[in-house]
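Those sequence lines, one after another, are chains A and B.
Numbering follows full-length UniProt numbering, with no gaps: position 79 of the first sequence is 79.
Numbering follows full-length UniProt numbering, with no gaps: position 123 of the second sequence is 123.
No lab work stands behind these hints: they were computed from the structure.
A virtual CB, placed ideally from N, CA and C, is assigned to each residue, including glycine.
Don't take every hint at face value.
Claimed, not checked - Which chain B residues face chain A? A few, computed with CB under 7 Å, are given here:
| id | residue |
| --- | --- |
| 1 | 104 |
| 2 | 108 |
| 3 | 112 |
| 4 | 189 |
| 5 | 201 |
| 6 | 202 |
| 7 | 206 |
| 8 | 209 |
Given next are the chains, with one letter for each unit.
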Amino acid sequence: MSEPFLIGDTITGGYGNGPDILHECTISVNPGEIAVIVGPNGAGKSTGMKALFGMLNVRSGSVKLDGEDITSLSPQARVVKGMGFVPQTSNIFTSMTVEENLEMGAFIRTDDISETMEQVYELFPILRDKRDQAAGELSGGQRQQVAVGRALMTQPKVLMLDEPTAGVSPIVMDELFDRIIEVSRTGLPILMVEQNARQALEIADKGYVMVQGRNAYTGTGKELLADPEVRKSFLGG
Amino acid sequence: MDFLNALVALLNFVVIPATAYGSQLALGALGVTLIYGILRFSNFAHGDTMAFGAMIAVLLTFWFQSIGISFGPLPTALLALPFAILGCIALVLITDRLVYRFYREQKAKPVILVIVSMGVMFIMNGLVRFIIGPDDQKFADGERFIISVREFKQLTGLREGLAIKTTQGITVVVAVIAVVLLFWFLNRTRTGKSMRAYSDNEDLALLSGINPERVVLYTWMIVAALATVAGVLYGLDKTFKPFVFFQLLLPIFAAAIVGGLGNPLGAIAGGFVIAFSEVTITYAWKKVLRYLLPENLEPDGLVQLLSTDYKFAVSFVILIIVLLFRPTGLFKGKSV
Chain A
1 MSEPFLIGDT ITGGYGNGPD ILHECTISVN PGEIAVIVGP NGAGKSTGMK
51 ALFGMLNVRS GSVKLDGEDI TSLSPQARVV KGMGFVPQTS NIFTSMTVEE
101 NLEMGAFIRT DDISETMEQV YELFPILRDK RDQAAGELSG GQRQQVAVGR
151 ALMTQPKVLM LDEPTAGVSP IVMDELFDRI IEVSRTGLPI LMVEQNARQA
201 LEIADKGYVM VQGRNAYTGT GKELLADPEV RKSFLGG
Chain B
1 MDFLNALVAL LNFVVIPATA YGSQLALGAL GVTLIYGILR FSNFAHGDTM
51 AFGAMIAVLL TFWFQSIGIS FGPLPTALLA LPFAILGCIA LVLITDRLVY
101 RFYREQKAKP VILVIVSMGV MFIMNGLVRF IIGPDDQKFA DGERFIISVR
151 EFKQLTGLRE GLAIKTTQGI TVVVAVIAVV LLFWFLNRTR TGKSMRAYSD
201 NEDLALLSGI NPERVVLYTW MIVAALATVA GVLYGLDKTF KPFVFFQLLL
251 PIFAAAIVGG LGNPLGAIAG GFVIAFSEVT ITYAWKKVLR YLLPENLEPD
301 GLVQLLSTDY KFAVSFVILI IVLLFRPTGL FKGKSV
C-alpha cells in the first residue's frame with residue numbers, strides 16, 4: 001500500500017518539556033476517508049491529533065503530509081501547507097459575525113474566496129441565514145458548523161476535528177456527522193477525535209482506539225465495532 | 001421665556017462643554033480600550049502618549065505661526081495635526097520595539113505589562129517636560145467663537161447667552177470623523193477585521209494565519225493617532241499642560257471601563273457618561289433653577305453638588321459603582 005496522505009508515524013512526545021504522553025503512536029488518514037480516534041478519557045486522543053498539527057514536542061517519529069516531512073513546522077506553517085484544524089473549545093470568533101468568521105478562516109488566501117464561502121453555505125445552509133449574526137449568539141451545533149466552515153475556508157487538503165460533537169444534543173450530533181460525511185465525499189481526508197465512540201466508528205473508514213497514549217486497536221470502523229474486546233472495553237458491551 | 005432661558009443656560013454651561021469634553025475622553029478611551037483588547041494590558045502611558053502627540057502639534061504650531069502659515073479661521077494646530085500623528089506613531093513604535101516587544105516575546109502576564117507601561121509613562125512624562133517644559137502653552141488661534149454670547153443674545157433676544165467656541169465645534173467634528181474612520185477600518189477592512197479577530201480569540205487568529213506582529217503594529221499606529229487627536233483637541237479646548245494629561249488618565253480609564261474594556265462602542269459611551277456626570281455634578285445649578293423655580297423657591301446657594309476641584313472623584317465613584325455592579329461595563333467588555 002502506498003504511503004498515506006497524512007501520517008503521524010510512531011510518534012513519541014509530550015507538551016513542552018513535560019513527560020511523554022504519546023508512545024510510538026501511529027495515526028494516518030487518506031483522501032476520501034474518515035479516520036476516527038476513540039478511547040477512554042485521558043488516553044491521549046486529542047494529544048495524538050495535536051501531535052499531527054505541531055502543537056506537541058515530538059521526540060521521536062515523524063509527521064508527513066503528502067509525502068513531505070513536516071515534523072518541524074509550526075502549526076501556522078502547517079495551516080499554510082493545507083492542514084485545517086478545528087480545536088475542541090473556543091473555535092470561533094464569538095464577537096464577529098458568521099460571515100466574518102469565514103472571512104478570517106480564509107485570511108491566508110489572497111484569491112477570491114466567494115466561491116468557497118458559497119460552498120460552505122451550501123454545506124451548512126443555516127449559516128447563510130445567520131451570516132450577519134454574531135457567532136457567539138448561535139447554538140452549540142451551529143457554532144460547530146461555523147468552526148468547521150471556518151477551517152474549510154482555507155481549502156485545506158486535510159481536515160482535523162477535535163471532538164466536533166462535544167456538548168451538543170444527540171440530534172444535532174447526528175446532523176453534524178451527516179455533514180462531516182458530506183464533506184468527506186468531496187474527497188477531503190478527515191481525521192477526528194470523538195467521545196461518542198460507537199456513532200463515530202459507524203461512520204469511520206478507519207478507527208484508532210487509543211489507551212494511555214498507545215495504539216490499542218486499529219482497524220476499519222466496522223471491524224472495531226465487531227471486535228469483542230473493543231466492544232467490551234470501550235463500547236459498553 | 002424663562003424655560004427657554006433655562007434651556008439656553010443648560011446648553012451653554014453643561015451640554016456643550018460636556019459634549020466637547022466627552023468627545024475628548026471618548027477618543028482617549030478608544031486608545032486605551034484598543035490596547036486592552038488587542039495587546040491585553042492597561043496602558044498607563046496613554047495619557048502621556050497624548051501629551052507627546054499634542055506637544056509636537058504645539059511646537060509645530062508655534063513654528064508655523066512664526067513663518068506666517070495659518071489656517072484662516074481654523075486653528076493652525078489642525079495643520080500640524082497630521083505631522084504630530086506621524087511623530088507620535090514614531091515614538092510608540094520605537095517604544096514598542098525597545099520595550100513592549102521584549103515582554104511580548106516572554107509572554108509576560110498583563111500585570112507585568114501594566115507596570116512596564118507605568119515605567120514608560122514616567123519616561124514619556126519626563127521627555128515631554130524636558131522638551132517643552134512643565135508650563136501652560138496657549139496655542140489655539142484663529143476665530144475664537146462659532147457663535148458668541150453677544151451675537152446669540154442679539155439674534156434671539158433672550159437674556160441668557162449661548163457661546164460655542166470654535167475649539168468645541170472642531171472637537172466634536174474631528175472626533176466624529178475619527179470615530180467613523182476607526183469603525184470603518186475595524187468593521188470593513190481585512191486588516192481591521194484581523195485585529196478584531198486577534199482581540200477576540202488569539203489562538204484561533206494564529207491558526208487562521210493572522211500575523212500577530214502586524215496586528216500589534218497597526219494597533220499602535222491607530223492608538224498613537226487617536227491619542228494625538230485627543231491630546232490636541234483637549235489642548236485646544238483648554239490649554240496644553242503636560243501634567244494635565246497625566247491627570248486625564250483617570251477619567252479616560254473610567255470611561256473605558258464603564259463602557260466595557262475592549263469594546264470600542266463602549267469607550268465612546270463611557271466617555272460621554274463620565275463627561276456629563278463630571279460636568280453636571282460640578283456645575284452650579286443656581287442659574288438654571290432661578291429660571292425654572294417660582295420666585296419664593298429660588299435657591300440661596302450655588303446648588304453645586306461638588307466643587308470642581310473634586311471633579312476626579314466623580315470618575316472614581318462611577319468607576320467603583322460599575323466595578324461593583326457590572327464589572328464588564330455597560331456594553332459587553334472583558335471583565336477587569
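Would the hint on residue 108 (chain B) be counted as holding, given a Cβ-Cβ threshold of 7 Å to chain A? 18 Å, violated
Can residue 201 (chain B) be said to touch chain A, with a Cβ gap under 7 Å? 5 Å, holds
The hint names residue 209 (chain B) as touching chain A; please verify it with the least Cβ-Cβ distance against 7 Å. 4 Å, holds
Hinted contact residue 189 (chain B) with chain A - closest CB pair below 7 Å: The hint is violated - residue 189 (chain B) has no Cβ within 7 Å of chain A, the shortest such distance being about 11 Å.
Identify whether the interface hint at residue 206 (chain B) stands, where standing means a beta carbon of chain A within less than 7 Å of its own. 6 Å, holds
Let me know if the C-beta of residue 202 (chain B) comes in closer than 7 Å to any C-beta of chain A, holds or violated. Violated: closest Cβ of chain A sits about 9 Å from residue 202 (chain B), beyond 7 Å.
Chain A contact restraint on residue 112 (chain B) - CB to CB distance below 7 Å: 21 Å, violated
Would the stated hint for residue 104 (chain B) survive a check requiring a Cβ distance to chain A of less than 7 Å? 16 Å, violated
Against the hints set out earlier in the document, violations occur for numbers 1, 2, 3, 4 and 6.
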